[in-house]
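Enquirer: Here is what each chain is made of, one letter per residue.
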Amino acid sequence: MSGEILRAENVDVVFRYGIMRDKVHALRDFSVSVAEGDFFALLGPNGAGKSTAMYSFMGLCKIESGRIELFGKPPSPGSAMFADVAYLPEEPHYHMYLTVEEALMFYGRLYGKNGFGRAQALETLDRMGLIEFRRLPLAKCSKGMKQKVGIAQCLVGRPRLLFLDEPTRGLDPVIVKEFRDILRSIHSEGATVVLNSHILSEVETLANRAVVMRKGRALRADKMDNLLRGEKDEYMAMIGNQPGPEAAGNGALPDYALVMESNAQRGVTQVAIPAERFHEFIEFTRTSGRKVHDISLRKKTLEESVFSILSMNEESNA
Amino acid sequence: MLEQVFLNTAVNLKFFRRSRFILGLSLLVFLLMAISSVPMFIFGGVGGEFEVMRQVFDMLLDYVQVFAAIMGMFYIHSHIKDRSLKMVLTKPCLPETWLFSLGVSSALVVAGFHIVIFFAALGAFFVVGIQFQYGFLFLAAANLISSMILMFYGMFLATIIHPALAAVVIIFFSEGAFMGIFELVSSGLLARPDSRLLSSLQPFFELIYLALPMYEPFRDRYSDMMDSMTVSSDQWIYLVYSGAYALVFGTLMYLLSLYFLRRKNII
Numbered sequence: 001m002s003g004e005i006l007r008a009e010n011v012d013v014v015f016r017y018g019i020m021r022d023k024v025h026a027l028r029d030f031s032v033s034v035a036e037g038d039f040f041a042l043l044g045p046n047g048a049g050k051s052t053a054m055y056s057f058m059g060l061c062k063i064e065s066g067r068i069e070l071f072g073k074p075p076s077p078g079s080a081m082f083a084d085v086a087y088l089p090e091e092p093h094y095h096m097y098l099t100v101e102e103a104l105m106f107y108g109r110l111y112g113k114n115g116f117g118r119a120q121a122l123e124t125l126d127r128m129g130l131i132e133f134r135r136l137p138l139a140k141c142s143k144g145m146k147q148k149v150g151i152a153q154c155l156v157g158r159p160r161l162l163f164l165d166e167p168t169r170g171l172d173p174v175i176v177k178e179f180r181d182i183l184r185s186i187h188s189e190g191a192t193v194v195l196n197s198h199i200l201s202e203v204e205t206l207a208n209r210a211v212v213m214r215k216g217r218a219l220r221a222d223k224m225d226n227l228l229r230g231e232k233d234e235y236m237a238m239i240g241n242q243p244g245p246e247a248a249g250n251g252a253l254p255d256y257a258l259v260m261e262s263n264a265q266r267g268v269t270q271v272a273i274p275a276e277r278f279h280e281f282i283e284f285t286r287t288s289g290r291k292v293h294d295i296s297l298r299k300k301t302l303e304e305s306v307f308s309i310l311s312m313n314e315e316s317n318a
Numbered sequence: 001m002l003e004q005v006f007l008n009t010a011v012n013l014k015f016f017r018r019s020r021f022i023l024g025l026s027l028l029v030f031l032l033m034a035i036s037s038v039p040m041f042i043f044g045g046v047g048g049e050f051e052v053m054r055q056v057f058d059m060l061l062d063y064v065q066v067f068a069a070i071m072g073m074f075y076i077h078s079h080i081k082d083r084s085l086k087m088v089l090t091k092p093c094l095p096e097t098w099l100f101s102l103g104v105s106s107a108l109v110v111a112g113f114h115i116v117i118f119f120a121a122l123g124a125f126f127v128v129g130i131q132f133q134y135g136f137l138f139l140a141a142a143n144l145i146s147s148m149i150l151m152f153y154g155m156f157l158a159t160i161i162h163p164a165l166a167a168v169v170i171i172f173f174s175e176g177a178f179m180g181i182f183e184l185v186s187s188g189l190l191a192r193p194d195s196r197l198l199s200s201l202q203p204f205f206e207l208i209y210l211a212l213p214m215y216e217p218f219r220d221r222y223s224d225m226m227d228s229m230t231v232s233s234d235q236w237i238y239l240v241y242s243g244a245y246a247l248v249f250g251t252l253m254y255l256l257s258l259y260f261l262r263r264k265n266i267i
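These protein sequences, in sequence, are chains L and U.
The opening position of the first sequence corresponds to residue 1 in the working numbering, with each subsequent residue numbered one higher.
The opening position of the second sequence corresponds to residue 1 in the working numbering, with each subsequent residue numbered one higher.
Next up, chain L with everything else stripped away, as it sits in the complex (with noise of 0.2 Å):
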């Protein structure tokens, strides 16, 4: 990791509709920091501003307050700073009168990279699986062959930062999982990526850093590794439900082994052990004489880190 490549600061996006201009708060003292060659992720439910997050990072957005700098100076729309720059829209806001080639064409000729040419082009589409609709009108185009459309425009620019907004929406497994490798590869070239997705699993495979988000706040801004970690480690353990022969004492379950499930039928249950007592509880079983099945050290997952921090902002709220 070098230095900076985005940093906003208590930023204030406020929208206005209709005839009494009445507000809507989009981001609310919102301050994150992406740094190069991060793999940042935008977090949260519905409406949280992850997009008018992205927006505003590329200064399409207006800020009402606060500040932001991309590449160390404030974004402006269509300057030379955006020569490194690939933006992935949530929704296929593409000329939908040019076909799937020409509309190539032209986002990366937009680029003025030298080296850029109808060849490329053809290669990128044959990447994304799309050369034999080359002819076919945007317009005319399904929802995942848009959205091929849009990730192979943000391939031929070859960018430093790319903002994906729902990369994989729409997409069929096959290209979701190229779509992982390519985007993997552009970050181990030195891209720095920042991603907005509701597919937490895919955010815990590739995000290196994550900010999760609520009615525009940001909660908490973290490293990944950071937000996998449960406030106390622990294991669970499948063990036989009765004592072997060569029991010492009734062979009971110790209080600090909390069963999660029985099933007498299997004969198994399964426990959760703090793993400050996983050694004890080692020689737990073998004293008793309890057959292991299996055990393995229980990692929390990133959904249940981001229900946990969206559930304890509502309590502090409430």
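Calculated from the structure, these hints are not laboratory results.
We treat Cβ as the ideally placed atom computed from N, Cα and C, and that holds for glycine.
Only true hints are included.
Sample of chain U residues facing chain L (criterion: CB under 10 Å; computed from the structure):
1. Glu-3
2. Asn-8
3. Ala-10
4. Arg-17
5. His-79
6. Asp-82
7. Arg-83
8. Leu-85
9. Lys-91
10. Pro-92
11. Leu-94
12. Glu-96
13. Asn-265
Keeping the supplied structure of chain L fixed, place chain U upon it in accordance with the hints.
Expert: Chain U alone, transformed into the frame defined by chain L:
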């Protein structure tokens, strides 16, 4: 920058060629023109073939003028509404470039229509075998300038308001209408010089009249050639004046459109 202007212009021209709205509008204009010119061909104009040609030519130019205003409004509104503009502005392509390309491509389409109409008229002269009058060339050029003014005005209005509202503004808030109101108030003031209401309204309407764009600048200086289609040598200069006005007005509309476009949330 120049390459991006070409790139955007080429894409805009594809839009004009493929837009169903534009195509439908063109067909409607063609139908209206065909229907309204049939009686002229059947019964003949007062001055015979020349008069018929003059009337059809004039009518065609009027339709193109309306078409230009609608086109200017429709393109900008369409790209803001379908949000595809953000795909351009998230590349290194400035709003200035995009807007300029839009002006260039719209101007090319409008000029193309005028060229086609003019050469069709020229061809008709040869077919019918009557002497060509330079008034047709003059009128085509003057109408092209007026169409550009309307197109730039339409583009600016559609940047800030809905095209339907913009059309109302173009039709009803015209310089001619406010000139009429101003003259009405002025004559009322002559009859009742002590009227406070009229004396306070007079500068108000005059100001609006001065602020609104002239769709057909200097028309009063050449309107006498409309019947005979013969242009006197001192009238050609008004084409240059009109062109200069259109250039200044177009630049002003461009800058204002840019200002409001930059203030918009392109999301």
